[in-house]
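Student: So the chains spell out like this:
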Amino acid sequence: MGLRLDIVTPERELFTGEVDTVLVPGAEGQLGILPQHAPLITVLDEGVLTARRGAESLAFAIHGGYMQVLSDHVIVLADVAEQAEEIDVERAEEARRRAEELLKKQPPPEEQRAAMAALQRSLVRLRVARRQRPYRPEREPES
Amino acid sequence: MEDLERVRERLDNIRAVEPILGALRTISLGSWQAALRQASNLRRYSDRLLGMLPPLLPTLQAQGAAQRPRRARPPAQRVIMVVGSERGLCGRFNEAVVEYAMGYLVSQPAAGPLELAALGSRAARLLRRDGHPPAWSAPLPTTSLPPLQLAFELARRWLMQYEAHEVDAVDIIHNHYQGPGRYAPQVTRLIPPRLEAAPATGAAWPPPIIETDPLRIYARIVEQWAATGLYGLLLDSAAAEQSTRYQIMDGATKNTERLVEEMTMAVQDARRQEITREMQGLAVGAGLVGPRGS
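Quick note, the sequences are listed as chains A and B, same order. Using this note's numbering, the first residue of the first sequence is number 323, and each one after it goes up by one. Using this note's numbering, the first residue of the second sequence is number 759, and each one after it goes up by one.
Worth flagging that the hints you see were computed from the coordinates, not collected in a lab. Positions of the beta carbon are idealized from the N, C-alpha and C atoms, including for glycine. One or more of the hints may lead you astray.
[Said to hold, decoys possible] Per label pair, the in silico range of CB-to-CB distance: (1) A/435 - B/868: 17 to 23 Å; (2) B/897 - A/427: 30 to 36 Å; (3) A/334 - B/812: 44 to 50 Å; (4) B/798 - A/394: 49 to 55 Å; (5) A/416 - B/964: 44 to 50 Å; (6) B/901 - A/326: 33 to 39 Å.
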């Protein structure tokens, strides 16, 4: 008997289907959900949600939200969520580089927070993208 | 001859406008359908959000945290935000919502200051014209749907002001979509948020483990509820605006097609008459035809 997983954002229903296990980025740390898990409510952090269905592994970038576990039903209400195929690796890489460069300059606290959040978002996107396809980070051209 | 030239010129002008009308009609149709689809997705999200409350509320009530009464204070500011459109070509869409807002403003008790705000340049302009300049206004996208981010930013700001007793209430006035080309202005109280927990589904036993502070989860749900509530109203307004624009553009496109058809026939008729006259002239010149009986 598997788990029904629903990943919903305010803008769309990203995924709904049967899976065997779910690993989510809880605000208190990673949480693994198996069938027959006790009912649970938690806040989600920025991170990668991984679901296993047989030999298949599904990865989603989750940018905050909540999770409710009912009897064999996991509902993820994400603020923003993306599938690996939707992630533009070059754009995420560019965002990561921009955020890192900004952080090196030691900006004021507000900008620093924004840059940290942007860095975290881009890293999560890159991690999800890497799981689904071969990923090669950009290198400086050799002279 | 002069008439024919004028008709040709008009025909060319109408033909030049035809693709623009067609494009606007297609864009409006796409945006209208997208707004309805998005609103339906949002409802599914909101329903699930409310579904989290039944298991959460007993814990909060035990902690005495939920439904904390606000201490009596002098009335703070009330915010009234009018949602209009950024572009015209949607009939009385903006006039209707602004007229309704004017009536609503008059009906409000004088207690506490009021802040009038507007989303959409057209509505802001009409409010200024009617002597009620908004304290602030923000534009809406012209071709795409309102961004979710905008709803989150506004809701977050108002909730913080509400918590700080700077704002007592936030009312949103928008055109509620009632079907293709039909809408009616209405007012919705966004803040203070009124969350009605969805009936509990499934087994309530054992009680859920609530990771993180339940109050933190509740606060986030309230914020999310206010933001998605506002986003829903923006989408509803967008559906009303775009469906009205679609109806107008559809009418204009059909009218243009009819005009083009009529004018093309008029041009062809005038051209036939001109050819007949020229042939008559040639025949008379060649002596093929002459006065009757000669």
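Student: Any of the earlier hints contradicted here, and which numbers?
Tutor: 1, 3 and 4
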